[in-house]
Amino acid sequence: MNPTEIKSNILTTTLESAINWGRKNSFWPMPFGTACCGIEFMAVLAARTDLARFGAEAIRFSPRQSDLLIVAGRISIKMMPVLIRIYEQMPEPKWVISMGACASSGGVFDTYSVIQGVDQFIPVDVYVPGCPPRPEGVVEGLMKLQDLVGEEKLSDYSPASDK
Amino acid sequence: MSPATITSQLKEKFPEAILDITEFADEKILHIKSQHILLVLTALKSAGYNFLADLTAIDNLTLGGFERFAVSYHLLCHETAERLTVKAYVSEEKPTLPSVESLWKTADWQEREVFDLYGIIFEEHPNLTRIMNPDDYEGYPLRKDYPRLGRKERDDFPVVNRGIRKKKPLE
Ligand code: SF4
Chain A
36 MNPTEIKSNI LTTTLESAIN WGRKNSFWPM PFGTACCGIE FMAVLAARTD
86 LARFGAEAIR FSPRQSDLLI VAGRISIKMM PVLIRIYEQM PEPKWVISMG
136 ACASSGGVFD TYSVIQGVDQ FIPVDVYVPG CPPRPEGVVE GLMKLQDLVG
186 EEKLSDYSPA SDK
Chain B
66 MSPATITSQL KEKFPEAILD ITEFADEKIL HIKSQHILLV LTALKSAGYN
116 FLADLTAIDN LTLGGFERFA VSYHLLCHET AERLTVKAYV SEEKPTLPSV
166 ESLWKTADWQ EREVFDLYGI IFEEHPNLTR IMNPDDYEGY PLRKDYPRLG
216 RKERDDFPVV NRGIRKKKPL E
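So the sequences go chain by chain: A and B.
Position in the first sequence (first residue = 1) + 35 = this note's numbering.
Position in the second sequence (first residue = 1) + 65 = this note's numbering.
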């Protein structure tokens with residue numbers, strides 16, 4: 036192979052950016068739809084906004100096969116242990132989108148039985164505001180998450196960084 | 066049998082059970098002592114009020130009433146489409162009354178709901194356990210003296226910590 040051919044056939048990059056590129060363009064979302072936002076999330080997947088364009092069309096209803104938890108709807112005190120369990124069942128690396136006012140803050144449901152924001156108990160990466168958020172908003176949130184994942188360091192996941 | 070006829074008949078038949086008969090929005094309400102609930106509802110069922118449309122409770126804490134709680138039974142006669150409400154009063158100290166599950170199977174879950182949210186105990190109920198709140202929940206949240214924001218139960222969960230370095234926040 037002559038040197039000019041090598042140049043046009045080989046791409047150099049860092050391991051980190053290659054991994055991040057793969058991760059951020061192939062999310063496998065696990066929708067945790069407990070209320071109206073779950074219905075709106077279906078519209079995100081449907082033809083008009085079509086989440087598949089962002090590589091996130093493989094919706095998994097098993098936490099063990101997914102890496103992106105989308106909390107769509109209000110979480111009651113009875114549901115919170117379930118959500119924590121599901122989050123813990125997801126393998127690393129994993130990310131969380133809190134979709135809508137209820138998941139992010141309890142929304143209008145300021146009562147004894149509704150969790151006032153799931154981020155009190157599980158780590159949330161992106162909050163999508165709205166009641167419900169428009170599908171475009173969810174897509175924007177997903178793109179924000181792609182930016183975040185693109186900036187991750189491999190050392191973020193090493194046990195040595197356990198602080 | 067029309068609500069007016071049946072209520073006056075019942076008043077003659079069980080004078081000790083009936084506290085009052087009132088009318089609201091063209092519908093009759095029968096106020097009774099709770100220990101007689103099975104007697105009255107059995108009579109109503111055989112008089113044609115065959116359908117228990119709803120069973121719920123009212124906390125009269127600030128409303129006034131014969132007792133603190135009223136368990137209300139909303140009956141419907143399928144033949145004439147007439148409705149009748151029965152309110153059975155139970156006290157705060159001893160909130161118990163007989164279950165009507167033997168008359169209507171649908172009362173099973175509805176009584177469990179009233180038990181869950183008001184703490185009213187239905188005797189002879191086949192499975193009187195909480196139906197909506199978690200099993201280890203304490204208190205009866207629809208009672209008017211229960212704080213609206215609860216007793217910190219919504220703040221009381223373990224925080225998941227992944228031991229992974231905090232990510233940079235997005236600009
Ligand atoms: S944010 Fe609005 S649309 Fe979403 S779950 Fe809450 S009430 Fe429903």
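The set of hints was computed from the structure by calculation and includes no laboratory data.
C-beta atoms are modelled at their ideal positions from N, C-alpha and C, and glycine is treated no differently.
Check the hints yourself; a few may be wrong.
As the list claims (entries may be wrong) - Okay, the calculated beta carbon distance ranges per label pair: (1) A81(A) x P191(B): 39 to 47 Å; (2) S52(A) x N192(B): 54 to 62 Å; (3) P164(A) x D220(B): 21 to 29 Å; (4) T161(B) x T146(A): 33 to 41 Å; (5) R169(A) x T161(B): 49 to 57 Å; (6) T146(A) x A69(B): 37 to 45 Å; (7) T146(A) x R148(B): 28 to 36 Å.
To be verified - Below are the EDC-like pairs computed for lysine to aspartate or glutamate, each with C-alpha atoms no more than 20 Å apart in a straight line: (8) K217(B) x E189(B); (9) K113(A) x D119(B); (10) K113(A) x D181(B); (11) K188(A) x E127(A); (12) K209(B) x D124(B); (13) K93(B) x E144(B); (14) K98(B) x E88(B); (15) K217(B) x D145(A); (16) K217(B) x D154(A); (17) K113(A) x D201(B); (18) K113(A) x E178(B); (19) K113(A) x D124(B); (20) K98(B) x D119(B); (21) K113(A) x D200(B); (22) K159(B) x E178(B); (23) K129(A) x D182(A); (24) K113(A) x E203(B); (25) K113(A) x D220(B); (26) K209(B) x D145(A).
Now the hints, each set against the structure:
no.: 1; hint: A81(A) x P191(B): 39 to 47 Å; verdict: holds, 45 Å
no.: 2; hint: S52(A) x N192(B): 54 to 62 Å; verdict: holds, 59 Å
no.: 3; hint: P164(A) x D220(B): 21 to 29 Å; verdict: holds, 23 Å
no.: 4; hint: T161(B) x T146(A): 33 to 41 Å; verdict: violated, 28 Å
no.: 5; hint: R169(A) x T161(B): 49 to 57 Å; verdict: holds, 51 Å
no.: 6; hint: T146(A) x A69(B): 37 to 45 Å; verdict: holds, 41 Å
no.: 7; hint: T146(A) x R148(B): 28 to 36 Å; verdict: holds, 31 Å
no.: 8; hint: K217(B) x E189(B); verdict: violated, 33 Å
no.: 9; hint: K113(A) x D119(B); verdict: violated, 25 Å
no.: 10; hint: K113(A) x D181(B); verdict: holds, 14 Å
no.: 11; hint: K188(A) x E127(A); verdict: holds, 14 Å
no.: 12; hint: K209(B) x D124(B); verdict: holds, 6 Å
no.: 13; hint: K93(B) x E144(B); verdict: holds, 17 Å
no.: 14; hint: K98(B) x E88(B); verdict: holds, 18 Å
no.: 15; hint: K217(B) x D145(A); verdict: holds, 12 Å
no.: 16; hint: K217(B) x D154(A); verdict: holds, 17 Å
no.: 17; hint: K113(A) x D201(B); verdict: holds, 10 Å
no.: 18; hint: K113(A) x E178(B); verdict: holds, 15 Å
no.: 19; hint: K113(A) x D124(B); verdict: violated, 24 Å
no.: 20; hint: K98(B) x D119(B); verdict: holds, 19 Å
no.: 21; hint: K113(A) x D200(B); verdict: holds, 9 Å
no.: 22; hint: K159(B) x E178(B); verdict: holds, 18 Å
no.: 23; hint: K129(A) x D182(A); verdict: holds, 15 Å
no.: 24; hint: K113(A) x E203(B); verdict: holds, 13 Å
no.: 25; hint: K113(A) x D220(B); verdict: holds, 12 Å
no.: 26; hint: K209(B) x D145(A); verdict: holds, 16 Å
Going through the hint list in order, the structure does not satisfy hints 4, 8, 9 and 19.
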